[in-house]
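Undergrad: Listed in order, the protein sequences are those of chains D, C and G.
Using the numbering used here, you'd call the opening residue of the first sequence number 27 and step up by one each time.
Using the numbering used here, you'd call the opening residue of the second sequence number 74 and step up by one each time.
Using the numbering used here, you'd call the opening residue of the third sequence number 684 and step up by one each time.
Derived from the structure by calculation, the hints contain no laboratory data.
There could be a bad hint or two in this list.
[Stated by the list, open to error] Simulated crosslink set (EDC-like; lysine to aspartate or glutamate; CA at most 20 Å straight-line):
{"hint": "1", "chain 1": "G", "residue 1": "K850", "chain 2": "G", "residue 2": "E749"}
{"hint": "2", "chain 1": "G", "residue 1": "K850", "chain 2": "G", "residue 2": "E816"}
{"hint": "3", "chain 1": "G", "residue 1": "K805", "chain 2": "C", "residue 2": "D332"}
{"hint": "4", "chain 1": "D", "residue 1": "K84", "chain 2": "D", "residue 2": "D51"}
{"hint": "5", "chain 1": "C", "residue 1": "K306", "chain 2": "C", "residue 2": "D210"}
{"hint": "6", "chain 1": "G", "residue 1": "K709", "chain 2": "G", "residue 2": "E908"}
{"hint": "7", "chain 1": "G", "residue 1": "K771", "chain 2": "G", "residue 2": "D899"}
{"hint": "8", "chain 1": "C", "residue 1": "K255", "chain 2": "D", "residue 2": "E291"}
{"hint": "9", "chain 1": "G", "residue 1": "K759", "chain 2": "G", "residue 2": "E781"}
{"hint": "10", "chain 1": "D", "residue 1": "K290", "chain 2": "G", "residue 2": "D899"}
{"hint": "11", "chain 1": "G", "residue 1": "K805", "chain 2": "G", "residue 2": "E781"}
{"hint": "12", "chain 1": "G", "residue 1": "K945", "chain 2": "G", "residue 2": "E908"}
{"hint": "13", "chain 1": "C", "residue 1": "K255", "chain 2": "D", "residue 2": "E127"}
{"hint": "14", "chain 1": "G", "residue 1": "K850", "chain 2": "G", "residue 2": "D862"}
{"hint": "15", "chain 1": "C", "residue 1": "K217", "chain 2": "C", "residue 2": "D307"}
{"hint": "16", "chain 1": "G", "residue 1": "K805", "chain 2": "C", "residue 2": "E241"}
{"hint": "17", "chain 1": "G", "residue 1": "K945", "chain 2": "D", "residue 2": "D215"}
{"hint": "18", "chain 1": "D", "residue 1": "K149", "chain 2": "D", "residue 2": "D215"}
{"hint": "19", "chain 1": "D", "residue 1": "K149", "chain 2": "D", "residue 2": "E126"}
{"hint": "20", "chain 1": "D", "residue 1": "K290", "chain 2": "G", "residue 2": "E768"}
{"hint": "21", "chain 1": "D", "residue 1": "K161", "chain 2": "D", "residue 2": "D191"}
{"hint": "22", "chain 1": "G", "residue 1": "K866", "chain 2": "D", "residue 2": "E104"}
{"hint": "23", "chain 1": "G", "residue 1": "K945", "chain 2": "D", "residue 2": "D51"}
{"hint": "24", "chain 1": "G", "residue 1": "K805", "chain 2": "G", "residue 2": "E825"}
{"hint": "25", "chain 1": "D", "residue 1": "K84", "chain 2": "D", "residue 2": "E127"}
{"hint": "26", "chain 1": "G", "residue 1": "K850", "chain 2": "G", "residue 2": "D899"}
{"hint": "27", "chain 1": "D", "residue 1": "K290", "chain 2": "G", "residue 2": "D763"}
{"hint": "28", "chain 1": "G", "residue 1": "K759", "chain 2": "G", "residue 2": "E816"}
{"hint": "29", "chain 1": "G", "residue 1": "K771", "chain 2": "G", "residue 2": "E821"}
{"hint": "30", "chain 1": "G", "residue 1": "K945", "chain 2": "D", "residue 2": "E104"}
{"hint": "31", "chain 1": "G", "residue 1": "K709", "chain 2": "G", "residue 2": "E768"}
{"hint": "32", "chain 1": "D", "residue 1": "K84", "chain 2": "D", "residue 2": "E60"}
{"hint": "33", "chain 1": "G", "residue 1": "K850", "chain 2": "G", "residue 2": "E908"}
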Amino acid sequence: MANGLIRCENLWHIYKTGKVVALQDINLTIQAQEILGVIGQNGSGKTTLVKHFNGLLKPTSGRVIVGGVDTARKKVQELSSQVGYVFQNPNHQLFARTVEEELEFGPRNLKLSDEEVIERREKAIEFFNLNPYRKLHPYRLSFPVRKLVGMASIYTMQPAVFILDEPTTGQDHVTTRIVYRLIERLREDGFTVICVSHDMILLAEVVDRILVMRNARLIADATPREVFADLQLMHSTHITPPQITELSLRLRESTLQKVCLSVKEMVETIQDVMSGSRPTQSFNN
Amino acid sequence: MQGVAIPISMVPGNSVLHRLNPLPKLALAIGVLIFSFATRNPALLGIVFAIGLMLVTIGKIWKAYLRVVMILFPIYLTLIVLQSIAPAFPRPWTPIVGFGPFTIYQEGIYSGVSMLARILCMTTYALIMIQTTHPSDLFTSLQKIGMPYVLNFILTVTLQLLPIIQSEFAIVLSAQKSRGMKGTGFGAILPSMVPVFVGAIERVQQLSISLEARAFGSSGRKTSFRDVSMRVKDYIALVLSLVFPILLTTWVVLDKSLDWSRSMVFPPTLSIILVSSCAIGFVVYFIIAVSYVLRV
Amino acid sequence: MKNQQPIVQISNLFFTYPTSTIPALKNINLTINEGEYVSILGLNGSGKTSLLLTLNGIIPNMIMGEMEGMVVVDGKNTDDYPVREMAKVVGMVFDNPEFQLSQMTVAEEIALGLENLGIPYKDMHNTIHQVLEIVGLEGLEERSPFSLSGGQQQRLSIASALAMRPKILVMDEPTSNVDPIGKEEIFRVAEQLNREHGMTVIMAEHEVEVMAAYSDRIIVMSNGEIILNGTPTEVFGQVNTLNQMGLRVPQVTELACRLDQKRIVPFYGQYPVTLEQADAALRAELGCRKV
Chain D
27 MANGLIRCEN LWHIYKTGKV VALQDINLTI QAQEILGVIG QNGSGKTTLV
77 KHFNGLLKPT SGRVIVGGVD TARKKVQELS SQVGYVFQNP NHQLFARTVE
127 EELEFGPRNL KLSDEEVIER REKAIEFFNL NPYRKLHPYR LSFPVRKLVG
177 MASIYTMQPA VFILDEPTTG QDHVTTRIVY RLIERLREDG FTVICVSHDM
227 ILLAEVVDRI LVMRNARLIA DATPREVFAD LQLMHSTHIT PPQITELSLR
277 LRESTLQKVC LSVKEMVETI QDVMSGSRPT QSFNN
Chain C
74 MQGVAIPISM VPGNSVLHRL NPLPKLALAI GVLIFSFATR NPALLGIVFA
124 IGLMLVTIGK IWKAYLRVVM ILFPIYLTLI VLQSIAPAFP RPWTPIVGFG
174 PFTIYQEGIY SGVSMLARIL CMTTYALIMI QTTHPSDLFT SLQKIGMPYV
224 LNFILTVTLQ LLPIIQSEFA IVLSAQKSRG MKGTGFGAIL PSMVPVFVGA
274 IERVQQLSIS LEARAFGSSG RKTSFRDVSM RVKDYIALVL SLVFPILLTT
324 WVVLDKSLDW SRSMVFPPTL SIILVSSCAI GFVVYFIIAV SYVLRV
Chain G
684 MKNQQPIVQI SNLFFTYPTS TIPALKNINL TINEGEYVSI LGLNGSGKTS
734 LLLTLNGIIP NMIMGEMEGM VVVDGKNTDD YPVREMAKVV GMVFDNPEFQ
784 LSQMTVAEEI ALGLENLGIP YKDMHNTIHQ VLEIVGLEGL EERSPFSLSG
834 GQQQRLSIAS ALAMRPKILV MDEPTSNVDP IGKEEIFRVA EQLNREHGMT
884 VIMAEHEVEV MAAYSDRIIV MSNGEIILNG TPTEVFGQVN TLNQMGLRVP
934 QVTELACRLD QKRIVPFYGQ YPVTLEQADA ALRAELGCRK V
């Protein structure tokens with residue numbers, strides 16, 4: 027899509043209560059099949075920003091265009107078939123008696139036929155591997171599985187864009203990896219995924235573009251490698267890169283000449299250095 | 074859904090009333106409550122109300138006080154209008170003048186005015202107590218005169234959790250709207266309420282474990298962080314707060330001549346002006362309120 | 684600084700929840716010495732929380748179930764003492780910052796425990812001020828706990844626990860629902876309490892990089908059992924075992940393991956577990972290979 031799936035034009039958001047500027051002159055374009063990460067401290071505006079994408083918040087001035095439509099004229103419910111928002115705490119969404127019913131809620135709200143509803147439900151169960159849980163009460167499930175059900179219940183709406191609010195918070199090592207893989211598969215299937223997260227490994231290894239928010243402003247819009255290599259940026263927003271990236275940054279000048287985003291990458295880089303077959307490479311790859 | 078913060082809470086301040094122990098203020102509020110129900114005499118109620126307004130001035134809580142009183146404003150107006158044409162009072166009724174298809178009665182206006190005075194009295198003294206007293210101080214003093222500790226705790230926690238549950242509810246509504254749920258109607262009840270209820274239950278479960286881990290439920294003497302000792306002036310205030318309402322109430326109950334219900338006479342023009350201005354006022358208020366809600 | 688006196692002794696512990704047939708804790712034998720900083724690692728459902736709840740007697744006194752074996756904390760058998768007694772020795776902080784709070788002000792939240800212990804009113808203010816200083820929340824006495832950030836709320840819960848003057852601070856995934864700055868604050872307070880005040884710290888967590896830097900010992904649990912128990916270097920050195928269990932090791936350790944196994948850089952089985960160790964080791968190796 028030439029104009030971008032989501033576009034923000036001079037977006038400002040000011041909370042009426044305290045005259046607090048939550049977003050200051052945001053301009054950005056998001057294309058299809060991107061995986062974006064949005065990072066920033068509490069109060070930086072990162073959650074405020076993504077809430078404009080599905081209409082939960084409306085601009086005070088400026089515009090947000092989703093799929094060619096100005097969100098200011100649309101209700102959240104109307105935008106929900108295009109932009110899905112998975113809340114951080116699945117408990118805020120789950121209410122049905124079985125996982126199956128929970129998954130059917132979204133499509134039914136879209137007024138789809140019974141066959142379509144069931145078809146979408148089954149697709150979600152398959153994608154998220156929820157078959158063993160389908161007849162169970164959502165509140166009988168462990169927290170990580172509830173989070174998956176939360177994601178699946180937005181998946182059944184088949185929105186072009188998924189917004190995930192802290193998808194790996196509260197997860198253990200295994201379920202975290204499951205979420206990473208799910209995000210990658212979503213992109214493979216044609217969706218755009220926007221993650222608001224402070225999970226550095228997610229941002230380094232899964233995401234292809236990072237938006238950095240600070241004090242209501244978008245202060246950086248770049249690849250993970252560029253963002254983590256920018257020490258001043260990291261310092262000013264109190265963000266620490268993943269341990270492996272920090273190590274590569276420390277060794278960069280002396281030997282590595284590269285900012286590594288994963289253990290695998292670092293192994294390969296060191297291997298090249300050790301075998302002497304490594305030409306000088308700029309670390310801005 | 075932005076919850077309207079009902080301003081029924083303490084107003085920070087350092088007035089004489091703020092520094093007074095909660096018990097006299099509570100006693101006064103209860104005393105006035107009993108007195109208000111013991112009589113309909115508008116003059117007496119009016120005097121007690123006026124004294125209340127003086128206390129509001131002493132406590133410097135006018136802004137917060139008026140905010141609550143104004144919420145009840147449309148009720149006052151409807152009260153007068155409805156009572157005037159259909160008194161909550163035993164017949165016979167004495168008509169004053171016709172008002173369209175209705176008739177305004179003496180007893181009606183009397184009833185409306187005295188009910189209004191009654192509401193204003195009770196509200197004023199209740200607000201004087203609430204807005205100059207820290208809830209924890211109040212509960213702790215009640216505990217000292219015998220209320221069980223657990224009740225104190227439950228009340229404190231409930232006060233804390235109400236605004237939290239309110240904001241949880243707002244979050245749940247956003248979450249469900251993001252799944253296409255229409256905000257109103259039968260289909261919105263379960264998806265909005267279940268997550269809030271379950272959330273509240275899970276919260277209380279965790280809270281009870283945390284409390285247990287901090288020795289909650291120990292028997293034995295419990296001390297208190299809040300200093301609610303009674304000083305001399307508190308005792309004096311307490312005595313006054315008990316004595317005056319009791320005296321007033323006894324007088325009003327015993328002296329039948331204070332029952333002016335059959336003896337007050339309202340001139341016809343005054344009655345019409347009163348009722349119609351209340352009616353118009355109510356309609357205007359209603360229009361303003363509805364347009365505000367719709368615009369939001 | 685750390686004496687070798689055991690403060691926690693668990694022998695042959697089995698525990699099954701009433702609604703289950705599978706034991707949540709199996710054959711637990713564990714000794715923790717006073718002043719140690721012990722971290723517990725394991726997947727959800729591995730038994731970490733259940734183990735922690737036995738330390739102050741919530742299991743089995745508040746959460747009923749079938750328990751065999753013995754848990755002795757500071758010389759007291761948890762079977763014989765009510766939770767409110769154990770609360771004087773063991774302070775506990777849980778994973779949801781907000782759910783642990785109930786009072787109107789920070790000071791009252793801390794005072795809650797003191798009230799329950801019958802501490803005289805005049806001593807309360809001192810204690811409250813002291814613990815607020817330790818966790819870095821001085822000056823916030825009159826704030827509502829619900830207006831604090833997640834990191835601040837957890838530090839408040841730590842302060843509330845500290846007010847009871849425990850010897851052991853037990854924390855169950857205290858940073859899992861907290862932002863990065865808050866995480867750092869919490870880990871810093873725990874480390875400070877351990878290093879400067881000799882507090883025994885027992886923490887269940889997923890942040891392996893931080894665990895490696897601060898812990899004296901790491902315990903790995905799976906399916907209710909203790910699988911590994913040793914220093915960070917010993918435990919995280921078992922990269923393959925942990926990976927098979929689905930657990931991650933610090934990234935630098937994984938790096939060293941792979942470099943070692945692929946014979947790119949030799950580590951002779953001694954892998955670094957912290958950034959500093961890895962930095963030093965690799966600089967030495969790569970230093971002579973400057974491009």
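Undergrad: Please go over all the hints and tell whether each is borne out by the structure.
TA: To see whether the hints hold, each was checked on the structure:
{"no.": "1", "hint": "G:K850 <-> G:E749", "verdict": "violated, 28 Å"}
{"no.": "2", "hint": "G:K850 <-> G:E816", "verdict": "holds, 18 Å"}
{"no.": "3", "hint": "G:K805 <-> C:D332", "verdict": "violated, 54 Å"}
{"no.": "4", "hint": "D:K84 <-> D:D51", "verdict": "holds, 14 Å"}
{"no.": "5", "hint": "C:K306 <-> C:D210", "verdict": "holds, 17 Å"}
{"no.": "6", "hint": "G:K709 <-> G:E908", "verdict": "holds, 5 Å"}
{"no.": "7", "hint": "G:K771 <-> G:D899", "verdict": "violated, 24 Å"}
{"no.": "8", "hint": "C:K255 <-> D:E291", "verdict": "violated, 48 Å"}
{"no.": "9", "hint": "G:K759 <-> G:E781", "verdict": "violated, 31 Å"}
{"no.": "10", "hint": "D:K290 <-> G:D899", "verdict": "violated, 29 Å"}
{"no.": "11", "hint": "G:K805 <-> G:E781", "verdict": "violated, 29 Å"}
{"no.": "12", "hint": "G:K945 <-> G:E908", "verdict": "violated, 32 Å"}
{"no.": "13", "hint": "C:K255 <-> D:E127", "verdict": "holds, 17 Å"}
{"no.": "14", "hint": "G:K850 <-> G:D862", "verdict": "violated, 28 Å"}
{"no.": "15", "hint": "C:K217 <-> C:D307", "verdict": "holds, 15 Å"}
{"no.": "16", "hint": "G:K805 <-> C:E241", "verdict": "violated, 38 Å"}
{"no.": "17", "hint": "G:K945 <-> D:D215", "verdict": "violated, 35 Å"}
{"no.": "18", "hint": "D:K149 <-> D:D215", "verdict": "holds, 12 Å"}
{"no.": "19", "hint": "D:K149 <-> D:E126", "verdict": "holds, 11 Å"}
{"no.": "20", "hint": "D:K290 <-> G:E768", "verdict": "violated, 51 Å"}
{"no.": "21", "hint": "D:K161 <-> D:D191", "verdict": "violated, 26 Å"}
{"no.": "22", "hint": "G:K866 <-> D:E104", "verdict": "violated, 38 Å"}
{"no.": "23", "hint": "G:K945 <-> D:D51", "verdict": "violated, 50 Å"}
{"no.": "24", "hint": "G:K805 <-> G:E825", "verdict": "holds, 18 Å"}
{"no.": "25", "hint": "D:K84 <-> D:E127", "verdict": "violated, 31 Å"}
{"no.": "26", "hint": "G:K850 <-> G:D899", "verdict": "holds, 17 Å"}
{"no.": "27", "hint": "D:K290 <-> G:D763", "verdict": "violated, 53 Å"}
{"no.": "28", "hint": "G:K759 <-> G:E816", "verdict": "violated, 30 Å"}
{"no.": "29", "hint": "G:K771 <-> G:E821", "verdict": "violated, 23 Å"}
{"no.": "30", "hint": "G:K945 <-> D:E104", "verdict": "violated, 54 Å"}
{"no.": "31", "hint": "G:K709 <-> G:E768", "verdict": "violated, 26 Å"}
{"no.": "32", "hint": "D:K84 <-> D:E60", "verdict": "violated, 23 Å"}
{"no.": "33", "hint": "G:K850 <-> G:E908", "verdict": "violated, 26 Å"}
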